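Protein chains: 2
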Amino acid sequence: MSDIQHRPGAMPSSDNCPLFHPPCAPCKNAEYFFFSSSDLLPAKNGEEPTMQFLLEVMDILTNYVRKTFDRSTKVLDFHHPHQLLEGMEGFNLELSDQPESLEQILVDCRDTLKYGVRTGHPRFFNQLSSGLDIIGLAGEWLTSTANTNMFTYEIAPVFVLMEQLTLKKMREMIGWPNGEELISFPLTGGAISNMYSVMVARYKYFPEVKTKGMSAAPRLVLFTSEHSHYSITKAGAALGFGKENVILLSTDESERPLICFMDAVLLMVLGGCVSWQGYHPLFVNATAGTTVYGAFDPINEIADICEKYNLWLHVDGAWGGGLLMSRQHRHKLNGVERANSVTWNPHKMMGVPLQCSAILVREKGILQGCNSMCAGYLFQPDKQYDVTYDTGDKAIQCGRHVDIFKFWLMWKAKGTTGFEEHIDRCLELSEYLYNKIKDREGYEMVFEGQPQHTNVCFWYIPPGLRDMPPGDERRERLHKVAPKIKAMMMESGTTMVGYQPQGNKVNFFRMVVSNHAVTRSDIDFLIDEIERLGNDL
Amino acid sequence: MSDIQHRPGAMPSSDNCPLFHPPCAPCKNAEYFFFSSSDLLPAKNGEEPTMQFLLEVMDILTNYVRKTFDRSTKVLDFHHPHQLLEGMEGFNLELSDQPESLEQILVDCRDTLKYGVRTGHPRFFNQLSSGLDIIGLAGEWLTSTANTNMFTYEIAPVFVLMEQLTLKKMREMIGWPNGEELISFPLTGGAISNMYSVMVARYKYFPEVKTKGMSAAPRLVLFTSEHSHYSITKAGAALGFGKENVILLSTDESERPLICFMDAVLLMVLGGCVSWQGYHPLFVNATAGTTVYGAFDPINEIADICEKYNLWLHVDGAWGGGLLMSRQHRHKLNGVERANSVTWNPHKMMGVPLQCSAILVREKGILQGCNSMCAGYLFQPDKQYDVTYDTGDKAIQCGRHVDIFKFWLMWKAKGTTGFEEHIDRCLELSEYLYNKIKDREGYEMVFEGQPQHTNVCFWYIPPGLRDMPPGDERRERLHKVAPKIKAMMMESGTTMVGYQPQGNKVNFFRMVVSNHAVTRSDIDFLIDEIERLGNDL
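For the protein sequence lines, the chains are A and B, in the order given. Letter by letter, the first sequence follows residues 1 to 537 of my numbering. Letter by letter, the second sequence follows residues 1001 to 1537 of my numbering.
Don't read these hints as lab results, they were simulated from the structure. Please note that a few of the clues may not be correct.
Said to hold, decoys possible - With a straight-line Cα cutoff of 20 Å, these simulated DMTMM-like cross-link-like pairs (lysine to aspartate or glutamate) come out:
| # | chain 1 | residue 1 | chain 2 | residue 2 |
| --- | --- | --- | --- | --- |
| 1 | A | Lys-169 | B | Glu-1100 |
| 2 | B | Lys-1044 | A | Asp-522 |
| 3 | B | Lys-1169 | A | Asp-97 |
| 4 | A | Lys-74 | A | Glu-491 |
| 5 | B | Lys-1383 | A | Glu-491 |
| 6 | A | Lys-44 | B | Glu-1363 |
| 7 | B | Lys-1383 | A | Asp-524 |
| 8 | B | Lys-1114 | B | Glu-1089 |
| 9 | B | Lys-1484 | A | Asp-467 |
| 10 | B | Lys-1169 | A | Asp-393 |
| 11 | B | Lys-1204 | B | Glu-1307 |
| 12 | A | Lys-383 | B | Glu-1421 |
| 13 | A | Lys-243 | B | Glu-1086 |
| 14 | B | Lys-1243 | A | Asp-522 |
| 15 | A | Lys-74 | A | Glu-531 |
| 16 | B | Lys-1169 | A | Asp-524 |
| 17 | A | Lys-436 | A | Glu-491 |
| 18 | A | Lys-44 | B | Glu-1421 |
| 19 | A | Lys-212 | B | Glu-1226 |
| 20 | A | Lys-364 | A | Asp-382 |
| 21 | B | Lys-1243 | A | Glu-86 |
| 22 | A | Lys-169 | B | Asp-1393 |
| 23 | A | Lys-204 | B | Glu-1529 |
| 24 | B | Lys-1204 | B | Glu-1337 |
| 25 | A | Lys-74 | B | Glu-1047 |
| 26 | A | Lys-168 | B | Glu-1421 |
| 27 | A | Lys-212 | B | Glu-1089 |
| 28 | B | Lys-1168 | B | Glu-1363 |
| 29 | B | Lys-1067 | A | Glu-47 |
| 30 | A | Lys-438 | A | Glu-491 |
| 31 | B | Lys-1204 | B | Asp-1393 |
| 32 | B | Lys-1168 | A | Glu-86 |
| 33 | B | Lys-1168 | A | Glu-94 |
| 34 | A | Lys-505 | B | Glu-1103 |
| 35 | B | Lys-1480 | A | Glu-86 |
| 36 | A | Lys-67 | A | Asp-522 |
| 37 | A | Lys-383 | B | Asp-1382 |
| 38 | A | Lys-480 | B | Asp-1386 |
| 39 | B | Lys-1169 | A | Asp-522 |
| 40 | A | Lys-438 | A | Asp-393 |
All values reported here derive from a predicted model rather than from experimental measurement.
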């Protein structure tokens, strides 16, 4: 500590201050915050300031965690962009040439959390991903500390094996036998997972496209329902198929695709007139849990068509895949084992911290074949260990973040049964909400019948609109209700829930539950809040 | 605490145990580890066990951080995959149906770190990304705790603004005036950044491909040097151009592309014979810092060609972009301001924790145009704030991890000058290594002259090979030297450095420095270690 003690107001010596848990009071009061980041490790004598700084950060984070679960804390403290940009009482987002003190860095950390949104709060219902799982959080902290990359066993031995074992369990859940004909691969984000599925399908049927480009294939067509995630169309645009070659199938009132229509299209294309505008059907996406309604496409019926016409079947279970963990609800994905590939995001329904998304492909070797470029500088064949554990060449990414550890650790801590309980509980809460409002005055449900997932979609009709006759004026006024209520919710910071229009339906609320902190009282609170804020609209 | 106290061996009451920093000794000895994850928040009375658990995790992590910087600690404790899979003394990677105790979870955390690789160790030279920045680490911990998503201002207000301001600084470094004609966008991984550049270039010149697919464009060709990152070819394969339409330009001995050859090809294609096999040149990638040699393509010369023929110029500065922060070294990227897009990975040369990568595009609006799908459920136009801050529709991803905070926080803490010092120091250390071995007995340099980046590439020639005449036998034996030394290094755990063959060159070591903990003594150690292990080969 000799260097440090020469500074004015430096810390007491380590003899009388055991800095590790906690800095004692005199030490905290000492002016060690004259220190800057250059005094931290690897600086000479940097160990004590480093430990002290990290403990201060930890104190900020644990306080945040505690408050996140405290219902008397606001979900957010809303400010407009210009307000935050102008600077809030000592919170200046601008970067400068000169370093700032560690004291200021800690203030910045506090303020960053203060003006953010508590996505783990029991009254945050805004996204499919919500909640703050403590084990998952610990897993993320450890992952950051290990700071490594998934591309080789060489630098991520434990994580690579954890990934392999976790994906094996996921494949078992899907119903793919645990044989050598299976391979799978995780990456960040359901949209990229879906993009992989399209690439792999193209490689399976037209491997020459990898070398020669799209001109080596006929005009390939992808099918998906009009309510599927937009990433399928985005993948079509990005990968060179073109948006207009992504055919959006009509759906019934509950967002499920009209199979008869689909079948008819396919028959038309593949039956009598293969050259119908030169189209060649390649790929069908079935959604297990649509984003807005939470609807499940009938996988078995779609699989029948795919098998009949030799098409790639992808199941986008980004949102609904989690239901595979529940004996009560997994039937909604019946037929998933017949898919060629599956997207499944543990960071949505299973409460794993962002991000954690998997693409699972049934046929072994095809991801490798599709994406490998054999970069010799990274994937040397003459390493001393079994290099089949080097997975980087299967990805379109080069580096790949360690997204597995938090998930593996949560699975260890909860067991499969813990995930099942979580999922069953979230669906029960949604059922509670559905039953509460389906006949309540001032509410209209957006689709008929009980939701298949936790998505409950509804209009709140303020008293002033309840007696209005149907028509354009009512529609226009109703369209403005959800945005107005949402804006007031955000201003008051009490709760957050999503809304959107869809097709010819004006703005409606989409309520989802994936946060394990939510109770019935929070559902009641949301409804009370909507009525409080919307009563005078 | 009432529930908890009914358990056998439960914790003392909170009156006599201030659980926050630290759990007192009796409390640590209490058998609270009979607890499982279901006793943590949001469980009733879960706050104290949660805080205690997180402090235990923190203790594990801070110990790991301390040891990472301690040179008496090994870089790794190597085990083969089958050894780890069989289970190491209580470390069982298999997942089960039933939950495990928190005690076991903490053991798993310790073991995960124990059998991993210390990428922050001063003697880890294996990858372009290395080091453990304490401020960056704190930033990652906070990011995990905030657990949100970048796609809208609504749920990530502070992070969205930090990203905007940080990218503005990066654009200033590139030399793009800070006007409204600029836009930029960060994402994970240089390979994906490069893929974006190809997509955006295609959209700029052939926007109809988005809708109609690749058949709406002529046969498009991408140019890059044979030593550029393989992600350019991978992007060509994935996006439907085809690998054979990615033309790899020859390079000189220092990995810089032979511009005259390139110019000739382009002239041939664009000059007299536009329809040369129907090719249409679209895109040229100039690498600023190749992966193996660290070579910088001459951007100005390439830009001249691109301007002449109206081609998109991308600069892949994933590895070399950091040098823009250094007044001494930024001249190596002269001309970068003439690029249409730039990849720059702060997680490489700037020491930001994994992952943090940016794609910067000069023309405003083009990323949005290229990727937007206008998903109404996410990007509602009728929000109460300025929705131009909702950036999700510019990405091919839907969800996007918060990679900005750690970088922003490091910039705050170090200032621009701190990054400059870091980069200058790493380059000085490489110069030290180069000067140390360039004339040393038993070493041969792979390329002539001083390295442009921190990459020093060399063969170590064991005494037994020094007198062998050039020829196949010597080549074969030399090819095995680096893998053997590397394997022994890993078995002994003392240091790690990369090797690879390239072209007709047999395996050689590639030494890189990006870790701020490295000193000259560590460079000396590496050389001593290579000689110790390689002496008898």
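Verification of the hints:
no. : hint                    : result
1   : Lys-169/A - Glu-1100/B  : holds (17 Å)
2   : Lys-1044/B - Asp-522/A  : holds (15 Å)
3   : Lys-1169/B - Asp-97/A   : holds (10 Å)
4   : Lys-74/A - Glu-491/A    : holds (10 Å)
5   : Lys-1383/B - Glu-491/A  : holds (12 Å)
6   : Lys-44/A - Glu-1363/B   : violated (46 Å)
7   : Lys-1383/B - Asp-524/A  : violated (25 Å)
8   : Lys-1114/B - Glu-1089/B : holds (12 Å)
9   : Lys-1484/B - Asp-467/A  : violated (83 Å)
10  : Lys-1169/B - Asp-393/A  : violated (34 Å)
11  : Lys-1204/B - Glu-1307/B : holds (15 Å)
12  : Lys-383/A - Glu-1421/B  : violated (36 Å)
13  : Lys-243/A - Glu-1086/B  : violated (49 Å)
14  : Lys-1243/B - Asp-522/A  : violated (54 Å)
15  : Lys-74/A - Glu-531/A    : holds (19 Å)
16  : Lys-1169/B - Asp-524/A  : violated (46 Å)
17  : Lys-436/A - Glu-491/A   : violated (26 Å)
18  : Lys-44/A - Glu-1421/B   : holds (17 Å)
19  : Lys-212/A - Glu-1226/B  : holds (19 Å)
20  : Lys-364/A - Asp-382/A   : violated (23 Å)
21  : Lys-1243/B - Glu-86/A   : violated (48 Å)
22  : Lys-169/A - Asp-1393/B  : violated (33 Å)
23  : Lys-204/A - Glu-1529/B  : violated (47 Å)
24  : Lys-1204/B - Glu-1337/B : holds (18 Å)
25  : Lys-74/A - Glu-1047/B   : holds (18 Å)
26  : Lys-168/A - Glu-1421/B  : violated (46 Å)
27  : Lys-212/A - Glu-1089/B  : violated (52 Å)
28  : Lys-1168/B - Glu-1363/B : holds (14 Å)
29  : Lys-1067/B - Glu-47/A   : holds (10 Å)
30  : Lys-438/A - Glu-491/A   : violated (28 Å)
31  : Lys-1204/B - Asp-1393/B : holds (17 Å)
32  : Lys-1168/B - Glu-86/A   : holds (16 Å)
33  : Lys-1168/B - Glu-94/A   : holds (10 Å)
34  : Lys-505/A - Glu-1103/B  : violated (52 Å)
35  : Lys-1480/B - Glu-86/A   : violated (60 Å)
36  : Lys-67/A - Asp-522/A    : holds (16 Å)
37  : Lys-383/A - Asp-1382/B  : violated (57 Å)
38  : Lys-480/A - Asp-1386/B  : holds (17 Å)
39  : Lys-1169/B - Asp-522/A  : violated (43 Å)
40  : Lys-438/A - Asp-393/A   : violated (51 Å)
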